[in-house]
Amino acid sequence: MTEFTDTVKEQYAAEVAQSDYDHKHPTAGAMTNHIISNHVVMTNRLRQARWFVKGLNAGQLAATFKATGAANFDWIDRIGQDLLDEDEIPANIASEYAAWNMLAENGEAKYLDAAGMIDGIIHDFNTDNLFVTRAIALAQKENKPVLAAELTALYGWNNRQIRQYQALLGNTARVGLNEEDEDNDD
Amino acid sequence: MKQAILKLDGLTCPSCMQKIEHAVAGVAGVQDVKVLFNAAKMKAHFDAEQTDADHLANVIQGLGYTVESVNVKD
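Protein sequences appear in the order of chains A and B.
My numbering applies: residue 91 is where the first sequence begins, and numbers increase by one.
My numbering applies: residue 700 is where the second sequence begins, and numbers increase by one.
Hints may be right or wrong, so weigh each one.
Stated by the list, open to error - Heads up, simulated DSSO-like pairs for lysine-lysine below, C-alpha to C-alpha not over 30 angstroms straight-line:
| # | chain 1 | residue 1 | chain 2 | residue 2 |
| --- | --- | --- | --- | --- |
| 1 | A | K114 | B | K733 |
| 2 | A | K231 | B | K718 |
| 3 | B | K701 | B | K772 |
| 4 | B | K718 | A | K200 |
| 5 | A | K231 | B | K733 |
| 6 | B | K706 | A | K114 |
What the hints assert, rightly or not - Just a sample of chain B residues kept apart from chain A, beta carbon distances all over 10 angstroms, derived:
| # | residue |
| --- | --- |
| 7 | M700 |
| 8 | D708 |
| 9 | L710 |
| 10 | E720 |
| 11 | V726 |
| 12 | A727 |
| 13 | G728 |
| 14 | D731 |
| 15 | A747 |
| 16 | T750 |
| 17 | D753 |
| 18 | G761 |
If you're looking for bench data, these hints aren't it; they were derived computationally from the structure.
None of the values given here were measured: they were computed from a predicted structure.
Note that CB positions come from ideal geometry on N, CA and C, so glycine has one too.
This is chain A alone, in the form it adopts within the complex:
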């Protein structure tokens, strides 16, 4: 078993303390680590859908899920590299992904029909965008234009996935996704 030196343990303890502080006083790096975690979990959801989708169009849908999953995997690496370029530490272990993602991962989803699987994927991309828009604003505030640009491109890609998967359900892009705030209470 690998023995970690005191220096290595101290480095990691300092990283965890800084990460906790950055989260409460949100930074682009902390918010982007939520995004990476979301996309790692998204990879699992897309693989789950590919493996378990049923119905007459199952083969075609499985190919679509596979293509989205491959593109999603590339985004994880792109965003992670951007964080490294900014001297930030991208999430890289399972416990971080579990703690920082906000998607609706569950085992029951494998038993959904194809439309239910697609609806779940759409909502995951929409949830991810809550973090992406905040991370873009924070990157701009912190004068990190490359990170902001990359996150803006990711926002566009997420929106494209939402629109294309909504189309499979016969919907336009934002059906069932917009937040309702009926009151003018600001």
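Since the structure of chain A is provided, determine the placement of chain B on it from the hints.
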């Protein structure tokens, strides 16, 4: 029941807003807590004999988050 509308920092992390929602839901006299992620708002109905909106704001601030404004509706 009255309704408290708390505006949070617009950059508050969405998963933190969920934690805030759970903390407020645990306050005695609070019902129907709802988080509006994009608007960075939390709405909750409360029994004015058991708690008040300022206490709910204090609960959130005690967790380390910023509350930008507090409104109450009858």
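| said: Under the constraints set out in the numbered hints, which ones does this structure not fulfil? | reply: Of the numbered hints given earlier, those the structure breaks are 8 and 9, listed in rising order.
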